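Peer 1: So the sequences go chain by chain: A and L. Under numbering that gives the first Met the number 0, the first residue of the first sequence is numbered 0, with each subsequent residue one higher. Under numbering that gives the first Met the number 0, the first residue of the second sequence is numbered 0, with each subsequent residue one higher.
Careful, some of the hints might be misleading.
The list makes no distinction among identical chains, and a pair is therefore deemed to hold if it is satisfied within one copy or across any two copies.
[Unchecked claim] In silico BS3-like pairs for lysine-lysine, Cα to Cα no more than 25 Å straight-line:
{"no.": "1", "residue 1": "Lys-398", "residue 2": "Lys-341"}
{"no.": "2", "residue 1": "Lys-29", "residue 2": "Lys-414"}
{"no.": "3", "residue 1": "Lys-11", "residue 2": "Lys-255"}
{"no.": "4", "residue 1": "Lys-425", "residue 2": "Lys-6"}
Hint data in this document are derived by calculation from the structure and do not stem from the laboratory. Bear in mind the structure is a predicted one, so any value in this text is a computation, not a measurement.
Number of protein chains: 2
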Amino acid sequence: MSDILSKNTVLKALLDQHLDDLATREGLEKKVILEGIAKGTMVLLGNPAHKKVRPILVGQPSAIKVNANIGTSPLCSNDDMEIEKLHVAEAAGADTVMDLSIAGNLDAIRTRMLESTYLPLGTVPLYSVGQQLLDNEREVSSMDPEELFAEIEKQAEQGVDFMTLHCGISYRGARMGAEKDRVLGIVSRGGSMLARWMLENKKENPLLEQFDRLLDISLRHNITLSLGDALRPGAGCDAGDTAQFEEVLNLGVLQKIALERGVQCMIEGPGHVPMHKVRTQIEAIKTLTHGAPLYVLGPLVVDATPGYDHISGAIGGAIGVTAGVDFLCYLTPAEHLTLPDKDDVKAGVMASRIAAHAGEVALGTPRAIAREEAMNRARRDLDWEGMKAQAIDPEMVTKRRGVHKDEKVCAMCGKFCAVKMVQDAKII
Amino acid sequence: MSDILSKNTVLKALLDQHLDDLATREGLEKKVILEGIAKGTMVLLGNPAHKKVRPILVGQPSAIKVNANIGTSPLCSNDDMEIEKLHVAEAAGADTVMDLSIAGNLDAIRTRMLESTYLPLGTVPLYSVGQQLLDNEREVSSMDPEELFAEIEKQAEQGVDFMTLHCGISYRGARMGAEKDRVLGIVSRGGSMLARWMLENKKENPLLEQFDRLLDISLRHNITLSLGDALRPGAGCDAGDTAQFEEVLNLGVLQKIALERGVQCMIEGPGHVPMHKVRTQIEAIKTLTHGAPLYVLGPLVVDATPGYDHISGAIGGAIGVTAGVDFLCYLTPAEHLTLPDKDDVKAGVMASRIAAHAGEVALGTPRAIAREEAMNRARRDLDWEGMKAQAIDPEMVTKRRGVHKDEKVCAMCGKFCAVKMVQDAKII
Chain A
0 MSDILSKNTV
10 LKALLDQHLD
20 DLATREGLEK
30 KVILEGIAKG
40 TMVLLGNPAH
50 KKVRPILVGQ
60 PSAIKVNANI
70 GTSPLCSNDD
80 MEIEKLHVAE
90 AAGADTVMDL
100 SIAGNLDAIR
110 TRMLESTYLP
120 LGTVPLYSVG
130 QQLLDNEREV
140 SSMDPEELFA
150 EIEKQAEQGV
160 DFMTLHCGIS
170 YRGARMGAEK
180 DRVLGIVSRG
190 GSMLARWMLE
200 NKKENPLLEQ
210 FDRLLDISLR
220 HNITLSLGDA
230 LRPGAGCDAG
240 DTAQFEEVLN
250 LGVLQKIALE
260 RGVQCMIEGP
270 GHVPMHKVRT
280 QIEAIKTLTH
290 GAPLYVLGPL
300 VVDATPGYDH
310 ISGAIGGAIG
320 VTAGVDFLCY
330 LTPAEHLTLP
340 DKDDVKAGVM
350 ASRIAAHAGE
360 VALGTPRAIA
370 REEAMNRARR
380 DLDWEGMKAQ
390 AIDPEMVTKR
400 RGVHKDEKVC
410 AMCGKFCAVK
420 MVQDAKII
Chain L
0 MSDILSKNTV
10 LKALLDQHLD
20 DLATREGLEK
30 KVILEGIAKG
40 TMVLLGNPAH
50 KKVRPILVGQ
60 PSAIKVNANI
70 GTSPLCSNDD
80 MEIEKLHVAE
90 AAGADTVMDL
100 SIAGNLDAIR
110 TRMLESTYLP
120 LGTVPLYSVG
130 QQLLDNEREV
140 SSMDPEELFA
150 EIEKQAEQGV
160 DFMTLHCGIS
170 YRGARMGAEK
180 DRVLGIVSRG
190 GSMLARWMLE
200 NKKENPLLEQ
210 FDRLLDISLR
220 HNITLSLGDA
230 LRPGAGCDAG
240 DTAQFEEVLN
250 LGVLQKIALE
260 RGVQCMIEGP
270 GHVPMHKVRT
280 QIEAIKTLTH
290 GAPLYVLGPL
300 VVDATPGYDH
310 ISGAIGGAIG
320 VTAGVDFLCY
330 LTPAEHLTLP
340 DKDDVKAGVM
350 ASRIAAHAGE
360 VALGTPRAIA
370 REEAMNRARR
380 DLDWEGMKAQ
390 AIDPEMVTKR
400 RGVHKDEKVC
410 AMCGKFCAVK
420 MVQDAKII
């Protein structure tokens with residue numbers, strides 16, 4: 000038995016229960032899964048306190064996963080709407096959701112989400128503490144680290160499956176991020192709060208100093224730590240700078256300590272990265288963090304595309320997957336502009352699923368290749384039901400075919416259909 | 000003076016008239032433009048008979064251009080709607096449009112489009128001939144090549160600026176494309192008609208055999224030949240096969256002959272190509288066609304994404320640009336399903352513009368980099384007017400900001416704005 004399972008008994012129990020199912024779903028040998036978890040290159044998301052959860056694996060060679068961020072904001076807070084978005088994300092094929100709520104009754108929203116979904120749920124516990132501060136017009140610097148640890152413990156007990164915790168941003172890193180070297184200093188909400196706390200108090204990051212306390216909590220609930228990238232580039236021109244890699248180095252050190260204690264970690268990654276730097280960024284981060292599952296936000300390859308950032312993110316995400324990315328956090332058309340609505344949630348999940356699939360096809364993943372082959376055979380045969388079955392959004396196929404849905408050909412070409420033209424040729 | 004200008008006097012007159020403006024618009028030295036045109040790595044689209052035309056350059060280092068395909072289909076034919084789509088394409092920032100109409104009065108639609116737009120207009124003359132055949136239930140094999148040459152001449156006189164002509168598909172290539180080696184034989188509409196004609200008549204492609212006649216017509220009107228890729232892969236798994244490259248080799252030979260005669264050529268490219276093969280495809284095609292401007296349809300990196308092919312195409316297009324692609328033909332969300340509507344046209348143009356911009360940023364093109372820098376400075380300053388000015392779709396910024404458009408922060412984060420959080424820190 001691998002070391003991690005002897006140390007993390009909650010994880011062991013979860014694996015005992017779900018390993019057969021996971022192996023079937025992923026099309027992987029059990030041995031591959033156990034080895035990946037032991038090495039820390041794969042993690043199993045699932046907190047037993049989340050009663051409905053269907054645990055999932057993150058980390059290649061398991062399938063690339065997609066996360067959808069939902070949650071209230073101070074300018075747009077409606078719990079029912081967020082639950083609707085949760086179900087839209089599920090239906091669109093998201094593998095996880097993160098509740099990033101920062102307005103309303105956060106405990107109520109979170110527990111309602113946990114009760115409503117079988118998808119592993121992630122959070123950023125710092126947001127709850129931040130909300131208390133900002134809503135009460137308290138200075139960010141007045142945060143007591145004990146409030147943060149208490150919040151983490153509470154959310155673990157509620158059943159949160161994975162948590163973004165910005166453990167790697169040091170006092171030194173916060174100064175680097177806030178300095179004028181960067182065009183866009185710090186764009187991580189949690190990271191910016193922690194940085195401000197450190198800079199105003201002249202103190203080290205409590206999540207870094209007291210990392211052991213997080214490990215204790217994690218072990219009791221199999222919380223997967225998603226080590227946050229507070230200093231990810233917020234502009235393509237900042238990608239790969241000293242501030243970013245100061246934090247990545249720390250994340251690698253922390254991931255090793257966590258694994259040693261039996262705690263599962265993912266690494267969060269960029270962010271805004273121009274296309275020609277995506278591969279080197281991903282390879283560098285994966286190396287520095289010992290192959291831990293890499294969870295990226297984008298990467299967004301250009302910044303001039305507000306309203307279309309799901310597309311800019313899909314370009315970076317697809318390339319990222321071929322370079323080692325394991326888990327894609329969606330970007331929606333609303334990114335950088337407003338809170339996503341239901342349509343944005345669907346558009347975001349679809350864009351990330353396209354990136355994941357494109358990356359897997361390029362990597363030669365058997366299931367992705369089989370899907371493409373089946374789609375193309377269906378196209379050759381003008382078999383619309385077959386195409387629908389392989390499409391990432393079967394409903395869309397029916398919807399767009401519209402009144403012409405029973406035609407053999409499509410409404411773009413009609414009798415000019417090239418496929419039919421050659422098939423009908425009388426070649427002696 | 001370069002050789003091509005002494006042979007193509009229509010082009011020379013056009014250049015004399017527009018060179019200053021082109022140099023300014025492209026931010027290039029006139030010398031660079033003249034050299035590019037002389038070498039055939041750059042073309043100037045513009046037929047003087049298209050009265051309103053504003054000629055444009057295609058070919059790096061001039062900016063990457065984007066084409067929008069519009070036009071009627073047998074199942075959806077409405078001239079007014081196509082004119083509306085034309086204006087949507089213009090407003091969205093397309094650089095050219097192609098009229099791919101295959102239903103209704105094609106002469107009327109085409110001349111109306113030419114009268115309506117300043118964008119260079121492209122066509123596929125074979126469609127008009129094909130429409131006559133299909134509408135009259137004549138066998139494709141009964142086409143008289145003289146009908147095709149007459150159609151090309153007529154359209155040149157009407158003012159069409161560039162024409163897709165499938166000159167490179169040989170009888171040998173047609174057989175390769177139609178054989179069972181491919182999953183999806185021939186997916187080019189014009190190409191499939193020509194292939195059927197050749198296979199049923201056991202004759203060589205008249206556009207290949209009588210290429211000189213095309214050059215004569217082109218020279219009289221400065222028609223840019225867009226040498227079509229009848230055998231482009233229609234499925235990712237077919238990319239790079241013998242049939243495809245049999246045609247590419249012919250295109251390279253023809254491009255050289257054309258340039259020698261003073262006729263400008265572009266090369267049309269794939270198509271369906273998995274991500275890991277995009278770079279090698281583009282580099283191979285560019286080499287075999289002597290660096291002529293490469294005009295690609297996608298490339299679509301996956302096939303299982305009907306309804307979202309503009310995204311799959313943007314991934315391939317962006318990578319393609321970094322490998323040498325000069326001109327992107329859009330794909331819309333309707334591709335493979337139905338005729339695009341106005342929303343699809345806008346979505347398609349935007350997706351291709353994102354791909355073009357992402358590629359140019361990766362290549363370090365000064366104008367693209369400057370745009371990114373200005374966007375990021377505006378973001379840092381929470382300067383929404385500045386962001387709007389740099390956004391590829393300024394209207395979208397206003398639309399999505401909605402009721403919160405006068406707020407300093409956006410409705411995603413509100414007072415949790417990370418940028419503000421760090422800027423407001425009291426660091427002594």
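Peer 1: When Cα atoms must be at most 25 Å apart, do Lys-11 and Lys-255 count as within-copy, between-copy, both, or neither?
Peer 2: So Lys-11 and Lys-255 pass the 25 Å test inside one copy only (19 Å; across, 67 Å).
Peer 1: Reference check for the pair Lys-29 and Lys-414, CA-CA at most 25 Å: within, between, both, or neither?
Peer 2: Result: close neither inside a copy nor across copies, 51 Å intra and 47 Å inter.
Peer 1: At 25 Å max between alpha carbons, let me know whether Lys-398 reaches Lys-341 within a copy, between copies, both or neither.
Peer 2: So Lys-398 and Lys-341 pass the 25 Å test inside a copy (18 Å) and across (16 Å) alike.
Peer 1: Between copies, within a copy, both or neither: which fits Lys-425 and Lys-6 at Cα up to 25 Å?
Peer 2: Neither, since 70 Å and 43 Å both go past 25 Å.
Figure legend: structure checked against the earlier numbered hints; hints not met, in rising order: 2, 4.
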